[in-house]
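Chains as they are written, first to last, in the working numbering: chain R, 251 to 362; chain D, 36 to 150.
Where hints are given, some of them may not hold.
Stated by the list, open to error - Output of the computed footprint for chain R on chain D, the stretches with three or more beta carbons under 8 Å from beta carbons of chain R:
id	segment
1	56-63
2	140-150
As the list claims (entries may be wrong) - With a straight-line Cα cutoff of 30 Å, these simulated DSS-like cross-link-like pairs (lysine-lysine) come out:
id	chain 1	residue 1	chain 2	residue 2
3	D	54	R	292
4	D	88	R	292
5	D	44	D	54
6	R	318	D	76
7	D	71	R	318
8	D	44	R	292
9	R	321	D	54
10	D	57	D	76
11	D	75	D	54
12	D	76	D	54
13	D	88	D	71
14	R	306	R	321
15	D	75	R	292
16	R	321	D	75
17	R	318	D	75
18	R	318	R	306
19	D	71	R	292
20	R	292	D	53
21	D	57	D	71
22	R	306	D	75
23	D	88	D	54
24	D	53	R	321
25	R	292	D	57
26	R	321	D	76
27	R	306	D	44
28	D	44	D	57
29	D	88	D	57
30	D	44	D	88
31	D	57	R	321
32	D	53	D	71
33	R	318	D	88
By construction, these hints were calculated from the structure, which means they are not laboratory data.
Glycine included, every Cβ here is placed at the ideal spot set by N, Cα and C.
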Amino acid sequence: GESVGLHLPTLSVQEGDNSIINCAYSNSASDYFIWYKQESGKGPQFIIDIRSNMDKRQGQRVTVLLNKTVKHLSLQIAATQPGDSAVYFCAENGNTGNQFYFGTGTSLTVIP
Amino acid sequence: DTEVTQTPKHLVMGMTNKKSLKCEQHMGHRAMYWYKQKAKKPPELMFVYSYEKLSINESVPSRFSPECPNSSLLNLHLHALQPEDSALYLCASSQVSGGGNQPQHFGDGTRLSIL
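If we strip away everything but chain D, and leave its shape as in the complex, we get:
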């Protein structure tokens, strides 16, 4: 069992749907991350939140909209996705440290399929 919980585990949606992915951690971490992982590829960073503020957006299309309502929760709102957006979406958290010297703890991801 991981200390980072992601829901749902699986999601199938059409290109016109709106859905949200959720992530929760109770380790007191103040940095949270969204990654996208395609099959047989490494995770690719999408967004970084530090102290509930968006600090990094890796040029992610606007059809992905992150939200950090509090220090324990991270959401990823999805709208008008494309078939190529089908992937495993991973959430991670870490303690905040200058220079990124703290390990990230990952959830088990949401497997997203776009029809």
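Chain R extracted, bound-state conformation:
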């Protein structure tokens, strides 16, 4: 399944499928990006980050892709599990120093 972030803030996928969550960031000066996962009643949890000198970074079951030309960031989750159900936020630093600006967020629901 795939979301378009700001326009489709909810995403439902079947367990075992891959998920793609998209984010359009706003500041062309941003050079550091983070994906956070926020479960109900919890604070945002760091998933993966990427710096602007890279266009792809992989973690455990997650991959972040960065396209600076169109200011687009995506998070791919492989073999999505029920425990992946949460709201996912991208954040950009705006190159201002210790400030992060969060995107709207996408709510991911995994159907068992």
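Starting from the known structure of chain R, fit chain D onto it as the hints suggest.
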């Protein structure tokens, strides 16, 4: 369990009360942050402390007063709040890095309700 601890987890207060939110981290981080998060919205930055000094105030009303007594603690003093201030208040910390190139670690927040 998070490495950033916030207390209390829940707080209900009247508009004339004075209360404080507390945040503690022992990761040696020298940047600490307060965010406000309304339901189904992203966190909004309120304050940034760097080396125990206030470096950013995002035009927050004076009824919110931050304090950083030492490198491990961050407080948010509340006075004469309004019902619209009801929200989840998140604390975060990070290593200090020019350009903000270090991930922030968040606590689980204080759920604040103003009567």
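Hint check:
1. 56-63: violated (count 0)
2. 140-150: holds (count 5)
3. 54/D <-> 292/R: Satisfied, since the Cα-Cα distance of roughly 22 Å is no more than 30 Å.
4. 88/D <-> 292/R: Since the Cα atoms of residue 88/D and residue 292/R sit roughly 27 Å apart, the hinted pair holds (cutoff 30 Å).
5. 44/D <-> 54/D: With a Cα-Cα distance of about 13 Å, the restraint between residue 44/D and residue 54/D holds, given a limit of 30 Å.
6. 318/R <-> 76/D: holds, 25 Å
7. 71/D <-> 318/R: holds, 29 Å
8. 44/D <-> 292/R: Holds, at roughly 10 Å.
9. 321/R <-> 54/D: violated, 42 Å
10. 57/D <-> 76/D: The hint holds at about 23 Å.
11. 75/D <-> 54/D: holds, 25 Å
12. 76/D <-> 54/D: holds, 25 Å
13. 88/D <-> 71/D: Satisfied, since the Cα-Cα distance of roughly 20 Å is no more than 30 Å.
14. 306/R <-> 321/R: Holds: residue 306/R and residue 321/R sit about 14 Å apart, inside 30 Å.
15. 75/D <-> 292/R: holds, 13 Å
16. 321/R <-> 75/D: holds, 24 Å
17. 318/R <-> 75/D: holds, 27 Å
18. 318/R <-> 306/R: Status holds; Cα separation ~11 Å.
19. 71/D <-> 292/R: With Cα atoms ~13 Å apart, residue 71/D and residue 292/R stay inside 30 Å; holds.
20. 292/R <-> 53/D: holds, 25 Å
21. 57/D <-> 71/D: The given pair, whose Cα atoms are some 14 Å apart, holds under the 30 Å limit.
22. 306/R <-> 75/D: At roughly 29 Å apart (the allowed maximum being 30 Å), residue 75/D and residue 306/R satisfy the hint.
23. 88/D <-> 54/D: Holds, at about 22 Å.
24. 53/D <-> 321/R: violated, 43 Å
25. 292/R <-> 57/D: holds, 16 Å
26. 321/R <-> 76/D: holds, 21 Å
27. 306/R <-> 44/D: Given pair residue 306/R, residue 44/D is violated - Cα atoms ~37 Å apart, limit 30 Å.
28. 44/D <-> 57/D: holds, 10 Å
29. 88/D <-> 57/D: Holds, because 17 Å separates the two Cα atoms, which is no more than 30 Å.
30. 44/D <-> 88/D: holds, 26 Å
31. 57/D <-> 321/R: Violated. Residue 57/D to residue 321/R sits at ~37 Å, over the 30 Å cutoff.
32. 53/D <-> 71/D: Distance ~18 Å between residue 53/D and residue 71/D Cα, so the pair holds.
33. 318/R <-> 88/D: violated, 34 Å
Violated hints, in rising order: 1, 9, 24, 27, 31 and 33; the structure is consistent with all others.
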